[in-house]
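Novice: In case you want the letters, here they are:
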Amino acid sequence: MAAPARGRLDPRSRILLVVIVSLAVMSPDGLRFVPAALALGTALALTDRAWRRAGALAAAGAAMFAGGWLTPLWWPHPITAVIALACQFTIRFVATVGVAAHLIATTSPTALSAGLRAAHAPRPIAVTLAVMLRFFPVVAGEAAAVADAMRLGGLAGAGGLARHPIRALERFAVPMIAASLRASEDLSASALVRGLGSRRRPSAMIPPRFTWADPAAGLALAALAALSWWARPLA
Amino acid sequence: MSANPQGDQTASAAARPSRLSARDLLSVAIFAVIFLVVVWAISMLGVISPLVWLMVTPLQIIAAAIAFMLFLTRVRHLGVISLFGLVIALFFLLAGNSLLSSAVIAAMGVVADLICRAGGYHSKWASIWAYTVFSLAFFSPFLPLFIDREGYFATATWESMGQEYIDATNKLLTGPVLCGLAVAIAASGFVGALIGSATLRKHFVRAGLA
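Residue numbers (the numbering used here), protein chains in the order written: chain A, 1 to 235; chain B, 1 to 210.
Rather than coming from a laboratory, the hints here were simulated on the basis of the structure. One should not assume that every hint holds.
Subject to a maximum C-alpha distance of 20 Å in a straight line, what follows is the list of computed SDA-like cross-link-like pairs (lysine to any residue) [said to hold, decoys possible]:
{"#": "1", "chain 1": "B", "residue 1": "Lys171", "chain 2": "B", "residue 2": "Asp148"}
{"#": "2", "chain 1": "B", "residue 1": "Lys171", "chain 2": "A", "residue 2": "Leu23"}
{"#": "3", "chain 1": "B", "residue 1": "Lys171", "chain 2": "B", "residue 2": "Val191"}
{"#": "4", "chain 1": "B", "residue 1": "Lys202", "chain 2": "B", "residue 2": "Trp125"}
{"#": "5", "chain 1": "B", "residue 1": "Lys124", "chain 2": "B", "residue 2": "Leu114"}
{"#": "6", "chain 1": "B", "residue 1": "Lys124", "chain 2": "B", "residue 2": "Arg74"}
{"#": "7", "chain 1": "B", "residue 1": "Lys171", "chain 2": "B", "residue 2": "Trp125"}
{"#": "8", "chain 1": "B", "residue 1": "Lys202", "chain 2": "A", "residue 2": "Val82"}
{"#": "9", "chain 1": "B", "residue 1": "Lys202", "chain 2": "A", "residue 2": "Ala178"}
{"#": "10", "chain 1": "B", "residue 1": "Lys202", "chain 2": "A", "residue 2": "Pro175"}
{"#": "11", "chain 1": "B", "residue 1": "Lys171", "chain 2": "B", "residue 2": "Phe146"}
{"#": "12", "chain 1": "B", "residue 1": "Lys124", "chain 2": "B", "residue 2": "Ala182"}
{"#": "13", "chain 1": "B", "residue 1": "Lys171", "chain 2": "A", "residue 2": "Ala81"}
{"#": "14", "chain 1": "B", "residue 1": "Lys202", "chain 2": "A", "residue 2": "Ile166"}
{"#": "15", "chain 1": "B", "residue 1": "Lys124", "chain 2": "B", "residue 2": "Arg201"}
{"#": "16", "chain 1": "B", "residue 1": "Lys124", "chain 2": "B", "residue 2": "Ser197"}
{"#": "17", "chain 1": "B", "residue 1": "Lys124", "chain 2": "B", "residue 2": "Val110"}
{"#": "18", "chain 1": "B", "residue 1": "Lys171", "chain 2": "A", "residue 2": "Ile79"}
{"#": "19", "chain 1": "B", "residue 1": "Lys171", "chain 2": "B", "residue 2": "Ala182"}
{"#": "20", "chain 1": "B", "residue 1": "Lys202", "chain 2": "A", "residue 2": "Arg167"}
{"#": "21", "chain 1": "B", "residue 1": "Lys171", "chain 2": "A", "residue 2": "Pro165"}
{"#": "22", "chain 1": "B", "residue 1": "Lys171", "chain 2": "A", "residue 2": "Val82"}
{"#": "23", "chain 1": "B", "residue 1": "Lys124", "chain 2": "B", "residue 2": "Phe190"}
{"#": "24", "chain 1": "B", "residue 1": "Lys124", "chain 2": "B", "residue 2": "Ala187"}
{"#": "25", "chain 1": "B", "residue 1": "Lys202", "chain 2": "B", "residue 2": "Val191"}
{"#": "26", "chain 1": "B", "residue 1": "Lys202", "chain 2": "A", "residue 2": "Ala81"}
{"#": "27", "chain 1": "B", "residue 1": "Lys202", "chain 2": "B", "residue 2": "Ser123"}
{"#": "28", "chain 1": "B", "residue 1": "Lys202", "chain 2": "A", "residue 2": "Pro78"}
{"#": "29", "chain 1": "B", "residue 1": "Lys202", "chain 2": "A", "residue 2": "Arg182"}
{"#": "30", "chain 1": "B", "residue 1": "Lys202", "chain 2": "A", "residue 2": "His77"}
{"#": "31", "chain 1": "B", "residue 1": "Lys202", "chain 2": "A", "residue 2": "Arg171"}
{"#": "32", "chain 1": "B", "residue 1": "Lys202", "chain 2": "A", "residue 2": "Val174"}
Can you build the whole structure from these sequences, using the hints too?
Specialist: As structure tokens, this is what we get:
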């Protein structure tokens, strides 16, 4: 039986991290936790050696801060007020998605399933979430392919959507759904053959185990939360 | 009349299992992903401004209706649509939705499930009303405006806009306006379900996918 990777968080800790950050950032006074969540997401991306994700997250956070807080001070105007509102709203999503990206990038469907099983999650939820994690790249790929085909055919763009919204939606959604369903048939057959949904409790190749990294991440999270509480950034 | 009524009962129970099978779980997972990707792809247009965000919401509802109506053709017993609503709610919670918004999405899934059950999972109109109710999940992101209104306008940026601007915006986003938005979303859900139902006949039934 293989051992968990050193320094890597347990899948249960990764899920808990996303839930805590999401609840904190989206709470009524959650803007104060946004810088800490952005810092945490960037640090997790750096520990994963995902340089592009770390850079994109830092850049998105900086852009939202500039649009949401600096631009209205520089030019008080209704237009900048609308931009500020959009940025203040979006920065919370950017912060949460930054931490969720760590879960998605580092957790295989098998590891997620084993982690949820170890956390005693109900079988329907554990199996469904694991299949969703496996199926997301397939559907996203089909959606990108359909969007590319529409662009090549000159059918994409906001103009076409504004003129014939229903036709544009049909041209996008129907081929995307049909192609995804065809791809899903193979995946479903493969999953059923491998015992997905079996009533028997399967064993895991890499059983989820808590390591020193999990309490260390918990302490870092508590320190960031305490710092955000006292410093009140963005509030 | 059947020679073996007990045997018929057993066959009927086997044909309509009460527990969620592996195929049910796969259907929920596959259609939940399709639903989320369709919604996400269209919501990207809303990043431009909050006004565009409001305008693309009906388009999201109509496009997602195609996936939802196709999903309903594969549902045969209670619990499947509820599970669908629950995983959608969990995903939105992880993606940054509030706990209240996510709870509302899950609740809409349960109500949609009960409507479809009342229609025996074969009724077209039950499916249309089920989606109309489920589409109210798209109103859930606006719910924090009912709860944290003062906190929403108490940030430094809003204060820098001046009290007059804040008052004007506060006056625009009143309870009746938000209720009107909820009604508009439900109407979009109804129209979306009709279009989704027609799209199933036009494309998916012919292709053998529904």
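Novice: So, for every hint listed, does it hold in this structure?
Specialist: Consistency of the hints with the structure:
Between Lys171 (chain B) and Asp148 (chain B) the alpha-carbon distance is near 15 Å, which keeps this suggested pair within the 20 Å criterion. The suggested pairing of Lys171 (chain B) with Leu23 (chain A) is violated, with an alpha-carbon distance near 29 Å, which exceeds 20 Å. For the proposed pair Lys171 (chain B) and Val191 (chain B), the alpha carbon gap of about 30 Å is over 20 Å, so the pair is violated. Our distance criterion of 20 Å between C-alpha atoms is met by Lys202 (chain B) and Trp125 (chain B), whose separation comes to about 18 Å.
Proposed proximity of Lys124 (chain B) and Leu114 (chain B) is supported: the alpha carbons are some 14 Å apart, at most 20 Å. Taking the CA atoms of Lys124 (chain B) and Arg74 (chain B), the gap is near 13 Å; set against the 20 Å cutoff, the hint holds. Between the alpha carbons of Lys171 (chain B) and Trp125 (chain B) the distance comes to roughly 39 Å, so the proposed pair goes past 20 Å and is violated. Distance restraint check for Lys202 (chain B) and Val82 (chain A): the Cα-Cα separation of roughly 41 Å exceeds the 20 Å cut-off, and the hinted pair is therefore not satisfied.
This hinted pair checks out: Lys202 (chain B) and Ala178 (chain A) have alpha carbons roughly 13 Å apart, not beyond 20 Å. Annotation: proposed proximity of Lys202 (chain B) to Pro175 (chain A) holds, straight-line Cα distance about 13 Å (limit 20 Å). Simply put, Lys171 (chain B) and Phe146 (chain B) have alpha-carbon atoms about 13 Å apart, close enough for the 20 Å limit, and the pair holds. A C-alpha spacing of about 24 Å is found between Lys124 (chain B) and Ala182 (chain B), which places the hinted pair above 20 Å, so the restraint is violated.
Using a Cα cut-off of 20 Å, the hinted pair Lys171 (chain B) and Ala81 (chain A) holds, with the two alpha carbons roughly 16 Å apart. Using a Cα cut-off of 20 Å, the hinted pair Lys202 (chain B) and Ile166 (chain A) holds, with the two alpha carbons roughly 14 Å apart. Between the alpha carbons of Lys124 (chain B) and Arg201 (chain B) the distance comes to roughly 12 Å, so the proposed pair stays at or under 20 Å and holds. Restraint check for Lys124 (chain B) and Ser197 (chain B): the C-alpha separation of about 8 Å stays at or below 20 Å, so the hint holds.
For the hint pairing Lys124 (chain B) with Val110 (chain B), the CA-to-CA distance comes to about 18 Å; that is within 20 Å, so the pair holds. A distance of roughly 18 Å separates the Cα atoms of Lys171 (chain B) and Ile79 (chain A); the hinted pair therefore holds under the 20 Å criterion. The straight-line distance between the Cα atoms of Lys171 (chain B) and Ala182 (chain B) is roughly 18 Å, inside the 20 Å bound, and the hint therefore holds. Restraint check for Lys202 (chain B) and Arg167 (chain A): the C-alpha separation of about 13 Å stays at or below 20 Å, so the hint holds.
Among the hinted pairs, Lys171 (chain B) with Pro165 (chain A) is inconsistent with the structure: their alpha-carbon atoms are about 31 Å apart, more than 20 Å. Under the criterion of a C-alpha separation no larger than 20 Å, the hint pairing Lys171 (chain B) with Val82 (chain A) is consistent with the structure, at around 16 Å. Distance hint between Lys124 (chain B) and Phe190 (chain B) is fulfilled; the C-alpha atoms sit about 12 Å from each other, no more than 20 Å. Between Lys124 (chain B) and Ala187 (chain B), the direct Cα distance comes to roughly 17 Å. Compliance with the 20 Å bound is thereby established for this hinted pair.
With a CA separation close to 16 Å, the supplied pair Lys202 (chain B) and Val191 (chain B) stays within the 20 Å bound. The hinted pair formed by Lys202 (chain B) and Ala81 (chain A) fails the criterion: a straight-line CA distance of about 45 Å is larger than 20 Å. Restraint check: the Cα-Cα separation between Lys202 (chain B) and Ser123 (chain B) comes to about 18 Å, which is no more than 20 Å; the hinted pair holds. With a C-alpha separation of about 46 Å, the suggested pair Lys202 (chain B) and Pro78 (chain A) falls outside the 20 Å cut-off, and the hint is violated.
With a C-alpha separation of about 18 Å, the suggested pairing of Lys202 (chain B) with Arg182 (chain A) holds against the 20 Å cut-off. Taking the CA atoms of Lys202 (chain B) and His77 (chain A), the gap is about 49 Å. The hint is violated against a cut of 20 Å. Restraint check: the Cα-Cα separation between Lys202 (chain B) and Arg171 (chain A) comes to about 13 Å, which is no more than 20 Å; the hinted pair holds. This hinted pair checks out: Lys202 (chain B) and Val174 (chain A) have alpha carbons roughly 10 Å apart, not beyond 20 Å.
Hints 2, 3, 7, 8, 12, 21, 26, 28, 30, counting from the list given before, are not met by this structure.
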